[in-house]
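**Student:** Each chain is listed here by its residues.
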Amino acid sequence: MMDSLALHLPALLVAIPLFTAFLIPLAGRAGDTARSALVLLGAALTSLAGLALAARVFARGTVLYVFGAAAPHAAIPMDSGGIPIRIIFQVDALGALMVVIASLSSLAIALYSLAAESRQSGKDGFYSMLFLLVTGVLGMVSTGDLFNFFVFLEISSLAGAALVAYRIDKGEAVEGGLKYALLSTVGALSVLMAIGILFAQYNALNIATVASRLRFGSLDMIALVLLAVPLAMKCGAVPMHFWTPDTYTTAPSSITALLVVSSQASLYGLFRILFTLYGDLLRFNWAVFGWFLVILGALSAFVGVTMAIPQKDVKRLMAYHAVSQTGYMLLGVGVGLAVFADAGALAAYGKTAMAGGLFHIINHAMYKGLLFLTAGAVFYRTGTRNLNRLGGLGHAMPWTMVFFMIGALAIAGIPPFNGFASKLLIYESVFRFSPFLAILAMVVSILTLASFVKVFHSMFMGPPRAEFAGVREVPAPMIAGMAILAAFVILAGLVPQVFVDRMIAPAVNALVDRAGYIAAILGGH
Amino acid sequence: MNMTKIVRTTADLFYPFCLVFGLYVVLHGHLTPGGGFQGGAVMATGAALLLVSRRYEDITRSLRQNTMKLCEAVGLLMFITAGLAGLFAGGAFLYNGLAGAGGLFGEPVAFGANPGGLNTAGLIPLLNIAVGIEVLGGLTVILLYMLSGVKETEP
Amino acid sequence: MITRLLLAMPFLTVAVLLLLALGALLFKRNLIKMLMGLSLMESAVNLFLVAIGYRQDGVAPIFTNVPQTLMVLPTVQALTLTAIVIGVATSAMMLSFAMVIYKKYGTVDVRNIRKLNG
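Residue numbers (my numbering), protein chains in the order written: chain P, 1 to 525; chain Y, 1 to 155; chain G, 1 to 118.
To be clear, the hints were calculated from the coordinates, so they are not data collected in a lab.
Mixed in with the good hints, there may be bad ones.
[As the list claims (entries may be wrong)] Reference excerpt, derived from the structure (chain Y facing chain P, CB under 8 Å, subset only):
hint, residue
1, Met68
2, Lys69
3, Ala73
4, Leu76
5, Gly83
6, Leu84
7, Leu87
8, Phe88
9, Gly91
10, Ala92
11, Leu94
12, Tyr95
13, Asn96
14, Leu144
[Unchecked claim] For lysine-lysine, the following DSSO-like pairs were computed, each having C-alpha atoms within a straight-line distance of at most 27 Å:
hint, chain 1, residue 1, chain 2, residue 2
15, G, Lys103, P, Lys123
16, G, Lys28, P, Lys170
17, P, Lys123, P, Lys312
Keep in mind it's a predicted model, so treat the numbers as computed, not measured.
Beta carbons are placed, not taken as given, at the ideal position from N, Cα and C, and that holds for glycine.
Let's have the full structure, built from the sequences with the hints guiding it.
**Tutor:** This is how it looks when you write it as C-alpha cells:
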C-alpha cells in the first residue's frame, strides 16, 4: 500500500492542493473552524507529499509519472510510434529541490495566514486561491511537458494576481494586481507562442522529446527568446523588475512570501529551458548565454540594492532586495553556464558557482519569506509599513524582532546563517571567473547589511512609542509559521555541507545532465 | 435594469434551448467539436440572457450565487475524484479504466475509421460533465459578480 | 502559388493581429482598450496554434485499428481550447480589476492610475 502510494506521489502533489482548494468553499459553509482545519490539513498533506517525493528523488533518481496511463511509468505507449503523447511529470533532483522549497514555504505560509487573515472577510476565496497558487508552483517545477508548464504558469499567475488584489485597500492593491496580471498574461502568451513554434516543427510537447529533436534553426532561436524573456521577467531580473515592488508591496504579506516562491519557479523554468531544452553542448553557444545570465544577475544585484536603500515602505524595500538577491542566483548559475564548454574550468569552479546559485534559491525563499512574514506581523499589529512612523517595537514584539534579526543577518550573508553559506560558494567561484564581479557581489552584500540595519533600527529600537502602546506579540500560529522558516535558516547555516551534498550537488548534476533527462523519457543514450 | 416585455419573453423562451444545447455539447464532447467547457459556456450564455433582460435583484431570486458557487466547487471535486478513481482502477491519475469495460460508458469502439459511438469513451464523458457543471457555475458567478458592481440608472 | 498564399494567410493574419494587439497595449491610455488588446493577442496566439495544426485531407483520429488514411493528432486543438479557457478566466479577472479601479479612482485612464509610483 505504501509503495503504491509512493508511486503516485507526483500526481498527489498537485491533486491534494487542487482538491483542497475546491473543498474550501464547501468547508467554509460549515464555519470558520472547519475551514481552518481543512487549510491546515491540506497544507500539511501537500508538504508531506512534496517532501516524500523529494526524498524519493534524492534517494533513487528521477521520478516519472505518466497521467492517464495504465501504468505510471509507461512513458511511451506501444501504439504511439515512439512519441510520449501523454502528459508526463518528470521530477529530477533540480525539480525536487524546488518542490522542497514550495512545500516548506507553503506550510509555513498556510499556518501564518490562519492567524493573520482571521479578522478578514472573504476567506473562502482567499484560501482557495492560496492553494491554487501552490498547485501552480508545484506543477511548474515537476512537469515534463511544455504546454503543461504553460498551464501551471498561468494558474500560478492568475491565482497570484487575484491574491495580490484581494484586499482592495483604496484601489492600490488592485493596481498592483492588475500590473502583475497584465505582465504575466503577455508573458504567458509569449511562452505559448514559443510552444506553438516548437510544436509545429517537432510534433511534440514533451520537454525531453523536443530537446532530443531540436535542430537549433532560426525559428528555434525565436522560440528561445519568446521563452526566456518572459521567464526572466517573472523572476524579477533587472531590467524587467519594475513589477516586483508594486506587486510585493500591495499583496498581503503571507502572499508576498508565496509570490517569492512562485517567481523562483519561473527561475527554475528559465534554467530548464536554457540547460535542458537548449543545452546541447556541441551546437549551442554557451558563453553568450552564460554572460547573458551573468550580466542580468550582476545588474539585478546592484540595481536592486541601490533602489532598496532609500525606500520608506518596509515591504517595498524588501521587494527591491528580492530583486537584488535574484541577481546572486543568476550570477552563480550564469558563471557555470559561461564556462560550461570548458571542462577544466567547470570542474574547478563552474559547478561550485552553480551550486551556490541553486543553494541561494532555497536559502532566499526561506529568509526572504521570513522577512516578509515579519513585516506582515508588524503591519498586523501596528497597521503601518512606513519606516518613519514605526519604532520601539522590540519591547512589545520580541519574537518578531528575533525572527527579523535572523532573516536580516541571513540576507546580509553573516555567518552562521544560510545566506552566508550560499554567498560564500558564489564569492569563491565567481572570484576565479572574474574578480570584479565577486567584489561587486560583496559590495552588494555590505549595502544589504546597511539597509537592514537601518530597517531594524527604525522598527524595533528606540523607546516604546505612545501610539503603539497597545501593541502585543502576534498570535501563536503566526509565530509558528515564522519559526518553521527561521529553523531552516539556522539549520542550513549551521550544517550547510549536509544540504550541499545531499540536495544541491544532485540538483547541479541534474541541471547539467541533459542526456540523462532525455534518456529518462526516451530511454538509452 | 428591466428590458421591455419583448426582450424578457424572448430571453425566457431561449433559456431552455440554451441549456439543452449546452447539455448536448457537453455530452457529445468526445465525438463532436465541443466538450465540458464549451457546453458549460453555452449554458452560462442562457443565464447571461436572463441577466441582461432583468434587474439584478429579480434575477438573484432564481439564479443564486451560492448555488452557482456550489456547482463550481462540486464540478471540480467531481473531476479530481474521477482522476483519483484511476488510481483505484490500478492505473495512473486520470487512467481511463472505464473504456472498453462494457456498461454505459464502456462500449467497444467500432473497427476502422468511424464517426464514433456515444457510449465508447469511458471516463471522458464523466470528466466533460464535471467540467460542464463547473463552468456553468463559474461563468454565472462571474456574470453575477460583475452585474452586482454595475450601478442602476433609471431612465 | 495561390494555394501557397492561401496556406500562408492564417499566419499573415496572426502577424497583423499581433501588431494590432501590441499597438493597443502600448499606445492606448484607456484600460478597457488595453484589455481589448490583450484579448486580441490571445486570439492571435490561438489562431496561430490552430493554423499550425491544419493538415490537408486529414481525419479525426477515432479508430481501433490504424486505418490507412491521414489522421490529425488533435494536440493543438486541445491546446487552443485550454488557452481559450485560460483566456476567459484572465479577461474576467482583469475586467473585474478594471471595474474596481474605476470605482476607486473614478477613471480608467492609465495616466491617472499611479498611486503606486515611487
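**Student:** Please go over all the hints and tell whether each is borne out by the structure.
**Tutor:** Status of each hint after checking the structure:
A cut of 8 Å between beta carbons decides the hint on Y:Met68: the least distance to chain P is about 11 Å, and the hint is violated. Contact between Y:Lys69 and chain P, as hinted, is supported at the beta carbon level, the nearest pair being about 6 Å apart and thus within 8 Å. About 5 Å separates the beta-carbon of Y:Ala73 from the nearest beta-carbon of chain P, less than 8 Å, and the hint is met. For Y:Leu76, the interface hint holds, since its Cβ comes within 8 Å of a Cβ in chain P; the closest pair sits about 4 Å apart.
The restraint placing Y:Gly83 at the interface with chain P holds, with a minimum CB-CB distance near 7 Å, inside the 8 Å limit. This hint holds: Y:Leu84 has a C-beta 7 Å from the nearest C-beta of chain P, less than the 8 Å allowed. Nearest Cβ of chain P to the Cβ of Y:Leu87: about 6 Å, under the 8 Å cut. The hint holds. Proximity of Y:Phe88 to chain P is violated relative to the hint, the smallest CB-CB distance being about 10 Å (cut-off 8 Å).
The criterion of a C-beta within 8 Å of any C-beta in chain P is met by Y:Gly91, whose closest approach is roughly 5 Å, and the hint holds. For Y:Ala92, the suggested interface contact is upheld, since its CB lies about 4 Å from the closest CB of chain P, less than 8 Å. Taking 8 Å as the C-beta cut-off, the interface hint given for Y:Leu94 holds, the closest approach to chain P being about 4 Å. Because the closest C-beta pair between Y:Tyr95 and chain P is about 6 Å apart, less than 8 Å, the hint holds.
For Y:Asn96, the shortest C-beta to C-beta distance to chain P is roughly 6 Å, which falls under 8 Å, so the interface hint holds. The beta carbon of Y:Leu144 is not positioned within 8 Å of any beta carbon in chain P (closest approach about 14 Å), and the interface hint is therefore violated. Taking the CA atoms of G:Lys103 and P:Lys123, the gap is about 23 Å. The hint holds against a cut of 27 Å. Distance check on the hinted pair: G:Lys28 and P:Lys170 sit about 24 Å apart at the alpha-carbon level, within 27 Å; holds.
About 30 Å separates the Cα atoms of P:Lys123 and P:Lys312, which puts this hinted pair outside 27 Å; it is violated.
When each numbered hint is compared with the structure, violations occur for hints 1, 8, 14, 17.
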